[in-house]
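Modelling step: build the complete structure from the supplied sequences, incorporating the hints.
Protein sequences appear in the order of chains A and B. Under my numbering, the residue at position 77 of the first sequence is numbered 77, and the numbers go up by one with no gaps. Under my numbering, the residue at position 36 of the second sequence is numbered 150, and the numbers go up by one with no gaps.
Simulated from the structure, these hints should not be mistaken for lab results. Beta carbons are placed, not taken as given, at the ideal position from N, Cα and C, and that holds for glycine. Some clues are possibly wrong.
If you anchor each label on the Cβ, the simulated ranges turn out as follows [said to hold, decoys possible]:
{"hint": "1", "chain 1": "A", "residue 1": "Ala-2", "chain 2": "B", "residue 2": "Lys-182", "range": "37 to 45 Å"}
{"hint": "2", "chain 1": "A", "residue 1": "Arg-100", "chain 2": "B", "residue 2": "Lys-170", "range": "15 to 23 Å"}
{"hint": "3", "chain 1": "A", "residue 1": "Leu-70", "chain 2": "B", "residue 2": "Ile-132", "range": "26 to 34 Å"}
{"hint": "4", "chain 1": "A", "residue 1": "Gly-28", "chain 2": "B", "residue 2": "Pro-196", "range": "33 to 41 Å"}
{"hint": "5", "chain 1": "A", "residue 1": "Gly-28", "chain 2": "B", "residue 2": "His-190", "range": "31 to 39 Å"}
{"hint": "6", "chain 1": "A", "residue 1": "Ser-98", "chain 2": "B", "residue 2": "Glu-156", "range": "18 to 26 Å"}
{"hint": "7", "chain 1": "B", "residue 1": "Ala-155", "chain 2": "A", "residue 2": "Leu-96", "range": "38 to 46 Å"}
{"hint": "8", "chain 1": "B", "residue 1": "Pro-123", "chain 2": "A", "residue 2": "Asp-57", "range": "25 to 33 Å"}
{"hint": "9", "chain 1": "B", "residue 1": "Ala-224", "chain 2": "A", "residue 2": "Val-55", "range": "35 to 43 Å"}
{"hint": "10", "chain 1": "A", "residue 1": "Asn-51", "chain 2": "B", "residue 2": "Ile-132", "range": "37 to 45 Å"}
{"hint": "11", "chain 1": "A", "residue 1": "Arg-64", "chain 2": "B", "residue 2": "His-190", "range": "36 to 44 Å"}
{"hint": "12", "chain 1": "A", "residue 1": "Leu-39", "chain 2": "B", "residue 2": "Thr-140", "range": "20 to 28 Å"}
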Amino acid sequence: EAGVVQSPRYKIIEKKQPVAFWCNPISGHNTLYWYLQNLGQGPELLIRYENEEAVDDSQLPKDRFSAERLKGVDSTLKIQPAELGDSAVYLCASSLGSYRDEQFFGPGTRLTVL
Amino acid sequence: DQQVKQNSPSLSVQEGRISILNCDYTNSMFDYFLWYKKYPAEGPTFLISISSIKDKNEDGRFTVFLNKSAKHLSLHIVPSQPGDSAVYFCAASGGGSGDKLTFGTGTRLAVRP
Chain A
1 EAGVVQSPRY KIIEKKQPVA FWCNPISGHN TLYWYLQNLG QGPELLIRYE
51 NEEAVDDSQL PKDRFSAERL KGVDSTLKIQ PAELGDSAVY LCASSLGSYR
101 DEQFFGPGTR LTVL
Chain B
115 DQQVKQNSPS LSVQEGRISI LNCDYTNSMF DYFLWYKKYP AEGPTFLISI
165 SSIKDKNEDG RFTVFLNKSA KHLSLHIVPS QPGDSAVYFC AASGGGSGDK
215 LTFGTGTRLA VRP
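Given below as structure tokens:
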């Protein structure tokens with residue numbers, strides 16, 4: 001069974017440029033999460049989807065970040081415009097249902113903003 | 115406000131010995147705790163969990179202990195193997211944070227052959 005797929009794996013951009021990350025969760029997983037992981041820190045939740053609905057986006061900086069999960073399957077996270085402080089690893093995870101179900105993480109996208 | 119703390123950034127253990135990774139939390143409403151393991155360039159993978167109604171949970175070489183009065187949990191790995199070398203994250207959920215997972219900063223374990 002394929003795991004959570006993320007692309008690209010690495011991205012280098014200049015500040016003020018837009019960037020997008022893509023995630024395809026494990027088939028049948030209704031819940032999808034985007035996390036941000038800064039160097040030396042643990043993952044921090046940005047947004048959680050239950051099917052197509054964003055049920056927890058309280059940690060998403062909405063002035064520059066946006067996300068969508070059309071058709072309740074794959075998802076895109078966008079930053080526009082990127083800032084130097086956005087350099088981090090962006091992780092996508094999926095699970096069958098709630099937080100008490102095991103979350104399966106993708107390998108992440110490492111973003112470097114110059 | 116770091117609600118889940120892993121105060122040891124790194125730990126080195128001899129192969130075959132016990133590894134003990136520690137985690138402290140401040141939110142008394144947390145009722146579900148997990149450990150994740152992360153290899154370089156990979157996402158975290160689930161290792162073991164424990165509900166607050168228990169004080170111990172075992173899975174093979176891995177045992178998690180929960181001390182609710184001290185707001186402390188620990189992961190024991192016995193015997194440690196070189197393949198266990200990774201970063202270990204403690205996470206918690208429940209209470210005022212809803213079911214959102216709150217992760218610690220991680221402990222890098224190195225198992226020496």
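Range agreement (Cβ of His-190(B) with Cβ of Arg-64(A), hint 36 to 44 Å): Since Arg-64(A) and His-190(B) have Cβ atoms about 43 Å apart, the given range 36 to 44 Å holds.
Status of the given 35 to 43 Å range, CB of Val-55(A) versus CB of Ala-224(B): Holds: the Cβ-Cβ distance is about 39 Å, inside 35 to 43 Å.
Assessment of proposed distance window 38 to 46 Å (beta carbons of Ala-155(B), Leu-96(A)): Between Ala-155(B) and Leu-96(A), where Cβ atoms are some 26 Å apart, the hint is violated.
Range agreement (Cβ of Ile-132(B) with Cβ of Asn-51(A), hint 37 to 45 Å): Holds, since Asn-51(A) and Ile-132(B) (Cβ atoms, about 44 Å apart) stay within the stated range.
Distance restraint evaluation - Ala-2(A), Lys-182(B), Cβ atoms, bounds 37 to 45 Å: holds, 39 Å
Range agreement (Cβ of Glu-156(B) with Cβ of Ser-98(A), hint 18 to 26 Å): holds, 24 Å
Leu-39(A) versus Thr-140(B) beta-carbon gap, inside 20 to 28 Å or not: holds, 23 Å
Cβ separation of Pro-123(B) and Asp-57(A), checked against the hinted range 25 to 33 Å: holds, 31 Å
Gly-28(A) versus Pro-196(B) beta-carbon gap, inside 33 to 41 Å or not: holds, 35 Å
Status of the given 15 to 23 Å range, CB of Lys-170(B) versus CB of Arg-100(A): holds, 19 Å
Assessment of proposed distance window 26 to 34 Å (beta carbons of Leu-70(A), Ile-132(B)): violated, 49 Å
Range agreement (Cβ of His-190(B) with Cβ of Gly-28(A), hint 31 to 39 Å): holds, 34 Å
When held up to the earlier numbered hints, the structure conflicts with 3 and 7 and fits the remainder.
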